[in-house]
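Residue numbers for the sequence shown follow UniProt numbering, beginning at 1 and rising by one.
Warning: the hint list may mix true and false statements.
Below, a list of computed lysine-lysine pairs in the DSSO-like style, where the Cα atoms sit at most 30 Å apart [stated by the list, open to error]:
{"#": "1", "residue 1": "K178", "residue 2": "K281"}
{"#": "2", "residue 1": "K83", "residue 2": "K178"}
{"#": "3", "residue 1": "K111", "residue 2": "K178"}
{"#": "4", "residue 1": "K162", "residue 2": "K141"}
{"#": "5", "residue 1": "K281", "residue 2": "K111"}
{"#": "6", "residue 1": "K4", "residue 2": "K15"}
{"#": "7", "residue 1": "K141", "residue 2": "K164"}
{"#": "8", "residue 1": "K134", "residue 2": "K281"}
{"#": "9", "residue 1": "K4", "residue 2": "K111"}
{"#": "10", "residue 1": "K162", "residue 2": "K50"}
{"#": "11", "residue 1": "K83", "residue 2": "K15"}
{"#": "12", "residue 1": "K83", "residue 2": "K164"}
{"#": "13", "residue 1": "K244", "residue 2": "K178"}
{"#": "14", "residue 1": "K134", "residue 2": "K162"}
{"#": "15", "residue 1": "K178", "residue 2": "K162"}
{"#": "16", "residue 1": "K162", "residue 2": "K244"}
{"#": "17", "residue 1": "K244", "residue 2": "K281"}
{"#": "18", "residue 1": "K164", "residue 2": "K15"}
{"#": "19", "residue 1": "K134", "residue 2": "K83"}
{"#": "20", "residue 1": "K83", "residue 2": "K46"}
{"#": "21", "residue 1": "K244", "residue 2": "K177"}
{"#": "22", "residue 1": "K164", "residue 2": "K178"}
{"#": "23", "residue 1": "K111", "residue 2": "K177"}
{"#": "24", "residue 1": "K46", "residue 2": "K134"}
{"#": "25", "residue 1": "K50", "residue 2": "K15"}
{"#": "26", "residue 1": "K4", "residue 2": "K50"}
{"#": "27", "residue 1": "K111", "residue 2": "K15"}
{"#": "28", "residue 1": "K164", "residue 2": "K134"}
{"#": "29", "residue 1": "K177", "residue 2": "K164"}
{"#": "30", "residue 1": "K281", "residue 2": "K162"}
{"#": "31", "residue 1": "K177", "residue 2": "K281"}
{"#": "32", "residue 1": "K178", "residue 2": "K134"}
{"#": "33", "residue 1": "K134", "residue 2": "K177"}
{"#": "34", "residue 1": "K15", "residue 2": "K46"}
{"#": "35", "residue 1": "K244", "residue 2": "K164"}
{"#": "36", "residue 1": "K281", "residue 2": "K141"}
{"#": "37", "residue 1": "K46", "residue 2": "K4"}
Derived by calculation from the structure, the hints in this document are not laboratory data.
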Amino acid sequence: MKSKIENVIRDLQDKRIIDLNEPDINMLKGTTEGIVYTLAENTVPKYVIKYDRPQEIEYVERFLQSCRNVSLLPEWLYTDPQKEFIVYSFITGTTHYNRGLKEDWMRTLVKEVLNHYEECHPEEAWGRLDQPRKSWHEFNKISIGLAYRDLGDLLPEEDYFKVKSIVERISRSGEEKKYLLHGDTGVHNFVFNHRVLTGVIDPSPIIGPVIYDFTYAFCSSADDLNIETLLSSFTLLEHVSMGKSQLIDEVVVQLYTRLGICVRVHPQDLDGYLIAWEYWKSLVSS
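Please put together the full structure from these sequences, using the hints given.
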């Protein structure tokens, strides 16, 4: 693989897509289907080359192309014609930690990223691009069903039925407009520099309402999960029109699915989320 990536880098240099004299190649991570490399010069990372399934590469390219003027997202530079890999700029900083106040980075996320999303054609299917759904209602139903399975007996069964009824209530409010979303706007994909949000990486594109990426970000860490923090950034959010009671409903659905993810992947955060869960349940209109 090393000789292959070296050949790719030489080709990118010849095409003047990347500007490196003596690149330092570092493999960040590998999955069953994807590998990510950073290319640095004089120990300073400058570029990312991501290998993945052609369909995934195509989706990421589409999202980055649609947000080319969004400074917090990586700059798309090149996609291999066979969709084997994509090249984009490296964003300096650290993910997840040293992130400052949620109120601050949520406001930055809204103003610098979410308000710049592009509306999709009405005929495009809802949901993840490789798992299309007939409606956003169907997407939400499947999401809470998966969370219910992961949660087991951690929460009373009545909580699931409460969330299920909220999903039905949201669907009766009418379908919102479709946007091409990042799809994984969590603190694990937020880059911070000196406690300021400076980048949003690793999109997993979804077609859905903007409120999804907003509540996903809000619920992606257990700190400051309160109504005051939520409203301080919601007031800045464009492309979304809903009252406070529906906004609370949206958060409760997202928080329930987050609890399922937490049990499966981040059990160390569970105590904080369970406290938040009781708080948000108390805010829901009956």
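Exercise for the section: Give me the numbers of the hints this structure contradicts, sorted from smallest to largest. Expected result: The structure breaks hints 9, 10, 12, 18, 24, 27; every other hint is satisfied.
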